[in-house]
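Novice: For the protein sequence lines, the chains are A and E, in the order given.
Residues in the first sequence are numbered from 1 upward in steps of one, following the working numbering.
Residues in the second sequence are numbered from 1 upward in steps of one, following the working numbering.
By construction, these hints were calculated from the structure, which means they are not laboratory data.
Bear in mind the structure is a predicted one, so any value in this text is a computation, not a measurement.
Ideal placement from N, C-alpha and C gives every residue a C-beta, glycine not left out.
Fair warning: there could be bad hints in the mix.
To be verified - Where chain E lies over chain A, by a calculated footprint (3+ residues, C-beta under 8 Å):
| id | segment |
| --- | --- |
| 1 | 9 to 15 |
| 2 | 291 to 298 |
| 3 | 370 to 382 |
Claimed, not checked - To list a few chain E residues with every Cβ distance to chain A over 10 Å, as calculated:
| id | residue |
| --- | --- |
| 4 | D34 |
| 5 | R92 |
| 6 | D142 |
| 7 | D168 |
| 8 | K184 |
| 9 | E199 |
| 10 | D210 |
| 11 | R234 |
Unchecked claim - Some but not every residue of chain A turned toward chain E, in silico, with C-beta under 8 Å:
| id | residue |
| --- | --- |
| 12 | M1 |
| 13 | F3 |
| 14 | L6 |
| 15 | T284 |
| 16 | E285 |
| 17 | V288 |
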Amino acid sequence: MEFVALIVKSAFRNRLRALLTAVGVAIAIVSFLFLRTIVSAWNAGAENAAADRMVVRNRISIIFPLPLSYLDKVKRVPGVTDVSWANWFGGMYKDQRNFFAKFAVDAPTYLSIYPEMTLSPEEKQAWMGDRMGAVVGAKLAEKYGWKVGDQIAIAGDIYPGDWKFTVRGVYHSTSKAFDERTMYFHWKYLNETVTEGRKDQLGVLLIRIGPGVPSAQVASAIDKQFENSVAETRTETEKAFQMAFLSMVSAVLVAIQIVSIVVLFILVLILANTMAMATRERTTEYAVLRAIGFSPRHVVMMVVGEGLVIGALGAALGVALTPPLVEVVGRGLEASLGNFLDLQGLALGPVAAAVAVAIGGGMLASAVPAWRAGRLRLVDALRKVD
Amino acid sequence: MSDAADGKPIIQLRGVRKVYRRDQQEIPVLDGIDLDIAERSFEALMGPSGSGKTTLLNLIAGIDRPTAGSVKVAGTEIQTLSEGDLASWRARYVGFIFQQYNLLPVLTAFQNVELPLLLAKLPRAERRRRVETALRVVGLADRTEHYPRQLSGGQEQRVAIARAIVTDPTIIVADEPTGDLDRKSGEEVLTLLDLLHREFGKTIVMVTHDPQAAERAEIIRKLDKGALAATERRAGEIER
Ligand SMILES: Nc1ncnc2c1ncn2[C@@H]1O[C@H](COP(=O)(O)OP(=O)(O)OP(=O)(O)O)[C@@H](O)[C@H]1O
Ligand SMILES: [Mg+2]
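With the rest of the complex left out, here is chain E:
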């Protein structure tokens, strides 16, 4: 079941089960997932709606806990952490990219990107430097004072990417990051993820419905009814 990936795995799931309880009813969502994701890899997660992609991603990112099994990310068994510790763990290791960007409307692009750094107790100048760097990476150095409503969807998502990378996390999780975008903006976002992976060595796990988007990843995993069904490696990437 488990796939041997290149390099040492930074994400390791063993026997992961996830059951949601609604009223008296138990809804099994993930059933016996074993998964290794190598450091510095770019993986896409596909599958029909309701197959459990978001649930799996949430487990990897430490915003949900498995019903059974273990989730080890960057050397930590994250299901053992308390809520508070898990929060600092996320701040340190994970960058989030959401389908709806989820920027705070009352904050400028700059301030949105700065948000995760508020937790880091960095000096003001250092924060500024990092925020500017992140915004430069996503090509929005000239939009720092814009509010989300003054930005296009593609630009908003790029701000969200800057927010995800500003703390220099080890892994980046993205749940349908291009789902709300037109083809061109979607391409820009994917190119950015590619850059983060290639140039900055980030481990990226991206959920997508779009086969063309998935093509950007090295490995495409298919989820079906809560189980990993198939793994497709893109030849060119493996040779690297």
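Chain A extracted, bound-state conformation:
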């Protein structure tokens, strides 16, 4: 037996308590790592946004449209090279649970502004040639088993009615920021079909600016143009738009960050509690060790070592359990938040931080008990039983 073995054996003196503590630490670590992964996935999603694309939306709210007449006016703003547009369609496929995004777009311009959305030339041609044609993302097609030629019926809500589309293509994405769970169809078809009062409305304008053109300048030029009109605009970079789209989510993110730090504090408290209990009930044991020649330093090392062992076990458990959780829950989130989340798997940084906190926390948590055990007055401690 070596000194280390003695520490490990002592740490598991009360096996159930040691394991429960380790599990507590593991849960804290899993929570911490999970929350961190979500935060970084969110940030990565925003980072992936293209810098040369901007979004023009109704200043009041994204749910209010812009008049078709804006198209030409925006096109003429210096620095703007391409303009496209998209309308959020809403709608339901078969069942409320089958949520996915559906956009009515101007296909030719949309495809040129979003080169990351790839279709084979045949599919592209087929889509362009079918007024009621649609393209769906590869993941969406896979999920619902759609093939080219299939009919998709959508029950409209924002645009009431029973809508029928034919799948003319399955697109792939070359970028993480552009997800493969969306359905696109022709804005023209939408515009022809809706009632008179809703014709010629654009959801958002999507623009591309020339290389080196300052986006802030373009934004203010566009927004100034529509000042005091029926539909004032707000123009932002794609990245800012993504960040703002779920602006309340960023508040949630801050909360998540705080919670993840709090979780680490809880971790240290769990450990401290266990170490305090474990050392208090072993006072006599430490006194015996001291009597047979262990120095105060040895005893301190033993107690700190025990905290370290339990902390390390919890850390190992936590790090092992996190990837499956991220896989299951994180993928679910990614599926519903689409291109806003870019799940990257466990980053080394947070893992190292969590492990360091668990191990360091274990040592920190045992510092006071260790100090007490080291300062033990032998005669008193031995007398407790004698």
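Starting from the known structure of chain A, arrange chain E with the ligands on it as the hints suggest.
Specialist: Frame of chain A; chain E with the ligands shown alone:
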């Protein structure tokens, strides 16, 4: 006051006072103890409860310090040592036997005996050899892998004795080593102490309440209200 013992004294107490302080109150426990214990002797310490036996034993073993006076054991004035030095001194010179055995429950008999050797930085094989020897001496060579809860009280105490002798200490202190044992197991433990004294030349100081146990010692000292009251030499032993 001091008793001339046979041979040169290995334990020498001079004017030892011990006062415990509880709150504001001072409790004198030992008052002016002069004591010489010869090398290789086996002494028993008796006296009523609260007379200071354990306190005296603790001073001799270097786990407590006198309020006044000097305690010289194996040539060292131990009251002058720092905590750390005192710990290594104990590891080197003293073997402890407690009334409650005080084995670590998470360790096997073998590992319990090995415990003091962890401090000695010995090679693994050498440690094993010493542990096995010690366990053989106490007659538990076949119980090495047993945990304390799988042993009888008598066996536990024998493991504790093996732990006390594995470092080959100069003196062995035992505080009521048979106090928790039945007569038969108690006899076995006493026979072992006798063996350690006779065959291995250990100096043994044993506190006991049991006159029959004390009979095993060469010298029986009586403590009363913190002072040495009487010394009884057993004739047969002195002749040796
Ligand atoms: N750490 C301490 N603090 C205060 N008083 C103490 C302490 N240790 C011992 N005493 C007191 O000193 C006296 C002698 O105690 P000691 O344990 O030496 O007696 P003892 O002869 O071993 O008794 P017993 O036969 O019951 O074991 C007792 O009155 C006890 O209450
Ligand atoms: Mg006592």
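Novice: Indicate, hint by hint, whether the structure satisfies it.
Specialist: Going down the list of hints, with the structure as the test:
| no. | hint | verdict |
| --- | --- | --- |
| 1 | 9 to 15 | holds (count 4) |
| 2 | 291 to 298 | holds (count 8) |
| 3 | 370 to 382 | holds (count 3) |
| 4 | D34 | 22 Å, holds |
| 5 | R92 | 7 Å, violated |
| 6 | D142 | 19 Å, holds |
| 7 | D168 | 13 Å, holds |
| 8 | K184 | 23 Å, holds |
| 9 | E199 | 22 Å, holds |
| 10 | D210 | 16 Å, holds |
| 11 | R234 | 27 Å, holds |
| 12 | M1 | 5 Å, holds |
| 13 | F3 | 5 Å, holds |
| 14 | L6 | 7 Å, holds |
| 15 | T284 | 7 Å, holds |
| 16 | E285 | 6 Å, holds |
| 17 | V288 | 4 Å, holds |
Checked against the numbered hints above, the structure violates only hint 5.
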